[in-house]
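Below, each chain spelled out in residue letters.
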Amino acid sequence: MASPRIGQRPYALTTPALIVIAVLFLVPSVYNVVLAFQKLTPYEPVGDAVWVGLKNFASIFTDPEIGSAAFNTAFWLTAVTVAIRLGLGLGLALLLQSPVLQRWRLRGVARTLVLVPWMVPPVVAVACWKWIFDADTGVLNQFLVDTGLLSEGVPFLAQTSTVWWSVITIIVWRELPFVVVVLMAGLQSIPKEQYEAAAMDSAGRWQSFVHVTLPNLRPVIIVVVLMTVIQTFNNFVYVWLSTGGGPGTYTQVLATQLYSAAFVANSLGEGAAIGIVMTALMAVFALVYLRVTNEREGGRA
Amino acid sequence: MRPGTDRRRPRDLLVIVPTFAILFVIVFPVLWMVFTSLRPTTALAARVPWSRYFDGLGFGAYARLFQDSNFAWYIGNSLLISAISTVCTVVLACLAGYALSRYVFRLKRTILLVVLATQLLPFVVLITPIYLFFGELGLLDSYFGLIVVYVAMTLPLAIYLVMGYFNTIPQVLDEAARIDGCSTVGVIFRVVFPIALPGIVTVTVTTFIATWEEYFFASVLMTSDKLKTVQVGLSSFFGEYASDWGMIMAAATVATIPTIVLFSVVQKRLVAGMAAGSVKE
Chain A
19 MASPRIGQRP
29 YALTTPALIV
39 IAVLFLVPSV
49 YNVVLAFQKL
59 TPYEPVGDAV
69 WVGLKNFASI
79 FTDPEIGSAA
89 FNTAFWLTAV
99 TVAIRLGLGL
109 GLALLLQSPV
119 LQRWRLRGVA
129 RTLVLVPWMV
139 PPVVAVACWK
149 WIFDADTGVL
159 NQFLVDTGLL
169 SEGVPFLAQT
179 STVWWSVITI
189 IVWRELPFVV
199 VVLMAGLQSI
209 PKEQYEAAAM
219 DSAGRWQSFV
229 HVTLPNLRPV
239 IIVVVLMTVI
249 QTFNNFVYVW
259 LSTGGGPGTY
269 TQVLATQLYS
279 AAFVANSLGE
289 GAAIGIVMTA
299 LMAVFALVYL
309 RVTNEREGGR
319 A
Chain B
346 MRPGTDRRRP
356 RDLLVIVPTF
366 AILFVIVFPV
376 LWMVFTSLRP
386 TTALAARVPW
396 SRYFDGLGFG
406 AYARLFQDSN
416 FAWYIGNSLL
426 ISAISTVCTV
436 VLACLAGYAL
446 SRYVFRLKRT
456 ILLVVLATQL
466 LPFVVLITPI
476 YLFFGELGLL
486 DSYFGLIVVY
496 VAMTLPLAIY
506 LVMGYFNTIP
516 QVLDEAARID
526 GCSTVGVIFR
536 VVFPIALPGI
546 VTVTVTTFIA
556 TWEEYFFASV
566 LMTSDKLKTV
576 QVGLSSFFGE
586 YASDWGMIMA
596 AATVATIPTI
606 VLFSVVQKRL
616 VAGMAAGSVK
626 E
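Chains A and B supply the protein sequences, listed in that same order.
At position 157 of the first sequence (counting the first as 1) the number is 175 in my numbering, and the numbers step up by one without a gap.
At position 233 of the second sequence (counting the first as 1) the number is 578 in my numbering, and the numbers step up by one without a gap.
If you are wondering where the hints come from, they were derived from the structure by calculation, not from laboratory data.
Treat the numbers as computed from the prediction; the structure is a model and nothing was measured.
Cβ atoms here follow ideal geometry from the backbone N, Cα and C, with glycine treated the same way.
Watch out, some of these pointers could steer you wrong.
What the hints assert, rightly or not - Some chain A residues near chain B, calculated using beta-carbon distances under 8 Å:
no. : residue
1   : Leu36
2   : Val38
3   : Leu42
4   : Phe43
5   : Val64
6   : Val118
7   : Ala153
8   : Val157
9   : Leu158
10  : Pro173
11  : Ala176
12  : Ser179
13  : Trp182
14  : Trp183
15  : Ile248
16  : Arg309
Claimed, not checked - One-sided excerpt, in silico: chain B residues whose CB lies under 7 Å from chain A:
no. : residue
17  : Ala441
18  : Leu471
19  : Val496
20  : Phe561
21  : Ser580
22  : Ala597
As the list claims (entries may be wrong) - Now the stretches of chain A that chain B is said to cover, found in silico as 3 or more residues with beta-carbon under 8 Å:
no. : stretch
23  : 46–58
24  : 69–81
25  : 120–131
26  : 207–220
27  : 254–264
28  : 270–283
29  : 291–303
Start from the sequences, fold in the hints, and give me the full structure.
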């Protein structure tokens with residue numbers, strides 16, 4: 019593989035990319051840790067930063083809002099949407115794999131249509147749903163009123179009883195195609211012989227789903243859950259643009275809390291401290307998750 | 346498939362009807378966006394009976410969008426920023442991807458790990474330090490600043506993808522070109538690049554889409570109205586033109602056209618690649 023006179027060539031080729039990555043990822047990450055122990059507003063030069071020790075952490079941990087933001091992030095934003103995406107995604111992947119669609123030559127159309135939300139930028143996704151959910155002239159309210167299910171329009175994104183499910187609808191809608199695509203690939207990789215063997219043991223559809231499909235999909239599901247959890251946990255745009263964390267602070271999540279602390283309350287140190295808490299939570303999650311999934315794998319072998 | 350069950354049966358509708366009902370719900374918001382953008386303002390402001398939903402369709406909302414707002418500017422900004430970031434990312438990814446694909450060197454594993462690690466780091470967390478650095482360096486509110494952020498943001502994935510494509514190209518070709526007197530950079534861009542072109546197109550398109558869709562950094566780093574990107578401009582309409590849903594949906598439609606077109610170009614490859622990446626692990 020290696021030719022005799024490579025010398026510094028691989029380093030010369032990788033250096034430009036590494037400089038960009040170092041300057042924009044590594045240096046800010048390290049500086050973020052420093053900043054978490056300082057007091058600074060966005061309008062002051064970096065030199066004016068004052069060391070305040072653990073004060074930023076003390077103030078975010080005594081703030082009752084951080085607890086609810088952490089709960090909202092872990093439960094509503096991440097756990098609920100990932101679970102729904104996985105359930106719907108698996109159902110849809112199975113439907114799209116069905117030989118019936120192939121027989122009617124509808125598989126291609128169906129597989130393209132399912133990708134549509136993925137082609138839409140997230141900001142546009144929020145715009146579309148804000149309009150559908152609109153209390154006065156939104157199509158959903160108009161439909162519900164005209165069919166007599168509601169007596170008057172509901173501000174779905176502005177009242178506490180409906181706001182989380184509305185935000186969840188937006189997220190699941192936009193992010194579902196990715197899960198469907200990956201699970202379909204997983205389904206296609208299952209050897210046909212296993213289904214034939216199950217059929218010979220006179221296993222029904224449900225039994226072959228439980229004993230052939232699910233165990234074979236397990237590694238794929240493990241990867242999908244890890245990827246979607248990390249992405250969603252850190253997501254800012256959906257909550258920020260659909261509710262702004264409201265009504266009040268009812269849908270505040272850690273990412274919007276970070277933004278508000280840093281750029282609305284003008285305390286960059288607190289923003290940095292929230293960032294560290296987020297990174298730590300995700301690191302702990304990833305470690306525990308990988309350990310638990312590996313252990314089960316080991317027990318199986 | 347047992348023989349003889351290959352024919353189409355009425356029972357098939359039990360699968361086809363629910364599937365397409367679900368697909369209709371999935372596609373509906375996008376259809377509704379385009380439809381709304383074509384409807385007259387008067388029809389959107391008041392409740393219109395269902396029978397008169399298709400009255401008076403036209404391009405009025407698009408005319409308002411380009412006359413009354415700075416949306417044309419935003420499009421220009423986004424095109425410029427996305428195009429330049431994409432070119433930079435692809436060039437840098439080709440150089441680094443070639444090195445990682447062709448050479449065995451001491452820090453190779455470390456470099457691959459660092460590149461991978463960046464993908465686990467939450468982007469939101471970087472905003473405070475980057476905002477401060479850019480303030481010190483005078484890079485807030487500048488094309489250059491946002492482009493640098495976008496190159497860094499898209500580079501790690503691009504390096505991995507390009508490396509994968511280059512791995513599939515036999516090294517004999519490099520050596521032949523080198524004997525003919527080609528430099529390393531020449532080998533990369535004149536020999537390997539053209540052969541890996543279908544893959545490079547996929548990387549280019551995904552990079553362009555990622556930068557075109559980005560909202561968070563653009564909204565924090567670009568503060569003056571004339572420098573807003575399409576996504577930030579669109580989001581600012583939510584408050585500013587909250588009653589003119591026709592115009593907001595027109596802006597949303599325009600913001601979606603590039604991503605839909607580009608996505609369609611690489612759909613097959615992209616989907617296959619995504620799927621392979623996740624299934625392999």
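Now the hints, each set against the structure:
Look at Leu36/A: its Cβ gets to within about 7 Å of chain B, closer than 8 Å, so that hint holds up. Annotation: Val38/A was flagged as interfacial toward chain B, and the flag holds, the nearest CB pair being 5 Å apart, inside 8 Å. About 3 Å separates the beta-carbon of Leu42/A from the nearest beta-carbon of chain B, less than 8 Å, and the hint is met. Interface hint status for Phe43/A: upheld, as the beta-carbon distance to the closest one in chain B is roughly 5 Å, under 8 Å.
Satisfaction of the interface hint for Val64/A is found here, the shortest Cβ-Cβ separation to chain B being roughly 6 Å, below the 8 Å cut-off. Residue-level restraint check for Val118/A holds (minimum Cβ-Cβ distance to chain B is 4 Å; threshold 8 Å). Because the smallest distance between the Cβ of Ala153/A and any Cβ of chain B comes to about 12 Å, over 8 Å, the interface hint for this residue is violated. At about 6 Å, the closest approach between the beta carbon of Val157/A and any beta carbon in chain B falls short of 8 Å, and the interface hint on this residue holds.
At its closest, the beta carbon of Leu158/A sits 10 Å from a beta carbon of chain B; the interface hint therefore is violated under the 8 Å criterion. Contact between Pro173/A and chain B, as hinted, is not supported at the beta carbon level, the nearest pair being about 13 Å apart and thus beyond 8 Å. Violation of the interface hint for Ala176/A is found here, the shortest Cβ-Cβ separation to chain B being roughly 12 Å, above the 8 Å cut-off. Given hint, Ser179/A at the interface with chain B, is violated; its Cβ is 22 Å from that chain's nearest Cβ, farther than 8 Å.
Interface restraint check for Trp182/A: the shortest CB-CB distance to chain B comes to about 19 Å, outside 8 Å, so the restraint is violated. Interface restraint check for Trp183/A: the shortest CB-CB distance to chain B comes to about 15 Å, outside 8 Å, so the restraint is violated. For Ile248/A, the shortest C-beta to C-beta distance to chain B is roughly 7 Å, which falls under 8 Å, so the interface hint holds. Hint status for Arg309/A relative to chain B: violated, with the closest Cβ pair at about 16 Å, above 8 Å.
Here the hint on Ala441/B is kept, as its CB sits about 4 Å from the closest CB of chain A, short of 7 Å. Below 7 Å, beta-carbon pairs count as interface contacts, and Leu471/B has one with chain A at about 5 Å; its hint therefore holds. Contact between Val496/B and chain A, as hinted, is supported at the beta carbon level, the nearest pair being about 6 Å apart and thus within 7 Å. Using the Cβ-Cβ criterion of 7 Å, the hint placing Phe561/B at the interface with chain A is satisfied: the shortest such distance is roughly 5 Å.
Checking Ser580/B against chain A by beta carbon gives a least distance of about 5 Å; that is within 7 Å, so the hint holds. Among the interface hints, the one on Ala597/B holds; its C-beta lies about 5 Å from the nearest C-beta in chain A, closer than the 7 Å criterion. Requiring three or more residues with a Cβ within less than 8 Å of a Cβ of chain B, the coverage given for the stretch 46–58 of chain A holds, as 6 such residues are present. For the stretch 69–81 of chain A, the stated coverage by chain B is violated: 0 residues have a C-beta nearer than 8 Å to a C-beta of that chain, whereas at least 3 were required.
Coverage of the stretch 120–131 of chain A by chain B holds [criterion: at least 3 residues with CB-CB distance below 8 Å; count 6]. Counting residues of the stretch 207–220 of chain A whose beta carbon lies closer than 8 Å to any beta carbon of chain B gives 1, which falls short of the minimum of three for the stated coverage. Coverage of the stretch 254–264 of chain A by chain B holds [criterion: at least 3 residues with CB-CB distance below 8 Å; count 3]. Remark: the stretch 270–283 of chain A is confirmed as covered by chain B, as 5 of its residues place a Cβ nearer than 8 Å to a Cβ of that chain, reaching the required three.
Counting residues of the stretch 291–303 of chain A whose beta carbon lies closer than 8 Å to any beta carbon of chain B gives 5, which meets the minimum of three for the stated coverage.
Hint violations for this structure: numbers 7, 9, 10, 11, 12, 13, 14, 16, 24, 26, all remaining hints satisfied.
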